[in-house]
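Protein chains: 6
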Amino acid sequence: MYSVGVREHVMIAHSFRGELFGPAQRLHGATYVVDVEFRGERIDGNGVVVDIGRAGDALKHALSDLHYRNLDELPELAGKNTTTEFLARLVFDRIAARIAAGDLGPGSDGVVALKVTLHESHVAWAAYEAVLPR
Amino acid sequence: MYSVGVREHVMIAHSFRGELFGPAQRLHGATYVVDVEFRGERIDGNGVVVDIGRAGDALKHALSDLHYRNLDELPELAGKNTTTEFLARLVFDRIAARIAAGDLGPGSDGVVALKVTLHESHVAWAAYEAVLPR
Amino acid sequence: MYSVGVREHVMIAHSFRGELFGPAQRLHGATYVVDVEFRGERIDGNGVVVDIGRAGDALKHALSDLHYRNLDELPELAGKNTTTEFLARLVFDRIAARIAAGDLGPGSDGVVALKVTLHESHVAWAAYEAVLPR
Amino acid sequence: MYSVGVREHVMIAHSFRGELFGPAQRLHGATYVVDVEFRGERIDGNGVVVDIGRAGDALKHALSDLHYRNLDELPELAGKNTTTEFLARLVFDRIAARIAAGDLGPGSDGVVALKVTLHESHVAWAAYEAVLPR
Amino acid sequence: MYSVGVREHVMIAHSFRGELFGPAQRLHGATYVVDVEFRGERIDGNGVVVDIGRAGDALKHALSDLHYRNLDELPELAGKNTTTEFLARLVFDRIAARIAAGDLGPGSDGVVALKVTLHESHVAWAAYEAVLPR
Amino acid sequence: MYSVGVREHVMIAHSFRGELFGPAQRLHGATYVVDVEFRGERIDGNGVVVDIGRAGDALKHALSDLHYRNLDELPELAGKNTTTEFLARLVFDRIAARIAAGDLGPGSDGVVALKVTLHESHVAWAAYEAVLPR
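Chains as they are written, first to last, in our numbering: chain H, 159 to 292; chain X, 159 to 292; chain D, 159 to 292; chain V, 159 to 292; chain S, 159 to 292; chain A, 159 to 292.
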């Protein structure tokens with residue numbers, strides 16, 4: 159299995175609901191350094207899993223309406239705890255939708271799985287990975 | 159599959175037996191930067207795989223009787239080569255036992271697998287990962 | 159010159175005032191990975207610049223009332239743009255005050271300068287460094 | 159599953175053919191920081207997956223005829239786009255061949271899979287991983 | 159003293175002349191991860207040393223005609239050994255010229271020094287730092 | 159000022175004397191990732207501060223009799239607390255002596271200062287830097 163990875167970051171505010179979160183129930187924030195890996199069984203005639211330029215653009219696009227935002231105020235996320243796990247899944251779903259729509263180019267039909275990892279500090283991170291529906 | 163990771167470190171002395179180890183047969187030591195990933199198929203009502211506070215505590219606890227120790231003198235490890243691989247498994251077993259005992263909280267029954275990685279330098283590391291017995 | 163460094167992190171929300179900041183004028187947030195270096199011309203009889211345990215405690219203490227907070231709501235910071243530079247200076251001043259108060263122990267009178275660096279992402283950081291007043 | 163990893167680097171020149179690559183069609187170059195993970199279900203009597211010394215040597219050997227080279231001029235790579243994905247596979251195949259030849263020592267017959275990751279910058283990487291043929 | 163840093167990267171081919179360089183006399187290449195720190199004694203009314211957006215643009219601009227190039231073919235660099243040290247100075251001079259030209263905005267007249275660091279691998283780097291002429 | 163840096167590591171056992179050190183009074187160990195920076199005002203005709211090959215060799219040599227050792231048993235270090243600060247100075251002195259002896263080659267007389275940094279974990283480090291005597 160091949161994989162190709164790209165890194166971006168996003169800076170957001172949010173708060174959590176639930177005693178589990180202790181002081182993180184207060185409005186606070188995070189820088190998430192976001193890694194996305196695109197996986198495929200083969201490389202195409204160009205020698206790539208996916209056009210890394212389009213891959214990077216897809217990641218930037220997936221983060222664009224979150225960057226410099228208070229997630230508590232985004233209608234799409236209303237009533238959600240935007241934990242690192244939750245956001246990893248959100249970015250996964252957004253990029254998966256772009257792949258399904260063909261936005262990553264003709265060679266990207268060989269992308270069979272994604273892994274999205276969000277690093278919230280030097281000592282904590284979360285990820286979501288899955289095979290793409292076909 | 160979701161995963162959540164936390165990082166700690168431990169500083170130990172030890173020696174190895176066997177010609178394979180060359181100069182590492184002498185008493186020496188290591189800082190291990192230890193990463194643990196908790197994996198689960200779903201996130202709970204709070205939006206998490208596991209309470210990250212308890213996850214971090216579990217890791218600290220798993221390392222506590224090793225920290226600032228000469229592993230050659232610990233009865234539990236007598237006669238063992240405490241290689242990076244061996245120690246990755248030891249930390250895995252200790253955290254797995256805590257999960258089995260319910261010490262990571264009610265939501266942690268969704269944790270189905272663990273990966274423990276020990277970085278021994280900027281150029282070498284070892285890991286142990288497995289599905290948890292149920 | 160000797161130096162000793164310790165690392166912690168803090169997760170905050172804030173917003174900036176001024177056209178310069180573009181979208182960062184909105185309420186957003188950051189994880190700051192904070193490095194503090196304590197500098198001295200000599201090491202003491204124990205062989206250290208400063209008790210690293212107390213150094214780490216001083217850094218944690220300097221960050222404690224910022225962690226999981228919206229900085230826009232803290233009276234001490236009212237009317238301030240809490241930029242990375244500004245926060246580096248704030249942490250510097252707080253630790254310098256603790257050193258002046260003798261909170262880092264008897265050997266810490268050899269600490270002559272500090273550097274505080276805040277990493278706001280994998281591609282941006284700011285720092286403040288200065289000689290301590292004597 | 160256990161794994162053991164080692165890191166090296168290689169500095170090469172090359173160019174790509176295909177409009178997909180835009181400016182990277184020009185002769186340029188890269189530092190690849192190369193990680194190889196050796197995976198096995200068990201550790202041997204010494205407590206290791208593989209002799210880490212031999213593992214490191216195998217990686218150095220796999221990179222030796224690429225280091226400080228223009229890949230466009232190597233007969234073995236003629237007509238190939240030496241993308242990061244392609245090179246990850248090349249290094250994989252070379253190390254797999256050495257394992258098959260018994261060059262990693264008697265314990266290495268427990269190595270069942272490899273993962274090779276090439277980091278081409280702080281924001282991009284590619285990997286190839288597979289089970290070894292037996 | 160305050161400082162603000164930004165990171166970019168550039169991928170180039172080149173060769174060195176001189177026996178000192180051994181195999182690096184051959185055409186090869188490098189990824190340089192480039193850090194630039196802008197230093198000033200004070201922060202301005204916005205709370206910044208320099209507009210970090212313009213700082214990042216200045217760095218990108220300083221690298222733009224080097225990216226995806228064979229440095230041996232650039233007239234500006236003819237007859238030069240484009241060592242990591244040399245390139246650190248080149249980037250320094252280019253950014254210093256932009257500051258002198260006022261391209262970093264009105265607040266940037268407080269920038270009194272720069273440091274440029276090029277990381278050529280995980281185990282080697284070079285830097286150039288100096289006070290800016292006024 | 160130019161600087162060139164190289165990285166190596168060393169794995170040692172040791173213990174500390176003094177209540178200050180708490181549990182680190184016990185025999186334990188550390189991996190030190192060691193960075194050395196060679197500084198000079200100019201680059202030579204080859205375009206370098208120092209021959210990076212010889213620089214790396216000097217660092218390896220400075221660490222060679224410490225690697226895989228219990229520092230408590232080395233006669234040279236008898237009665238010393240081999241703290242991270244102390245070891246940074248030890249490595250500094252050893253490399254400075256080699257420069258003074260001309261072992262870094264003819265161009266190395268332009269090296270006017272050194273900085274040695276030892277990273278003992280992902281959250282702690284120490285350094286020693288000074289101008290070289292001439």
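Treat the hints with care, as some may be off.
Here are some, though not all, of the chain H residues that point toward chain X, as calculated from beta-carbon distances under 7 Å [claimed, not checked]:
| hint | residue |
| --- | --- |
| 1 | 167 |
| 2 | 286 |
| 3 | 287 |
| 4 | 289 |
Keep in mind the hints are simulated off the structure, nothing from the lab. All C-beta atoms in this analysis are idealised placements derived from N, C-alpha and C, irrespective of residue type, glycine included.
Violated hints - listed by number, lowest first: 1 and 4
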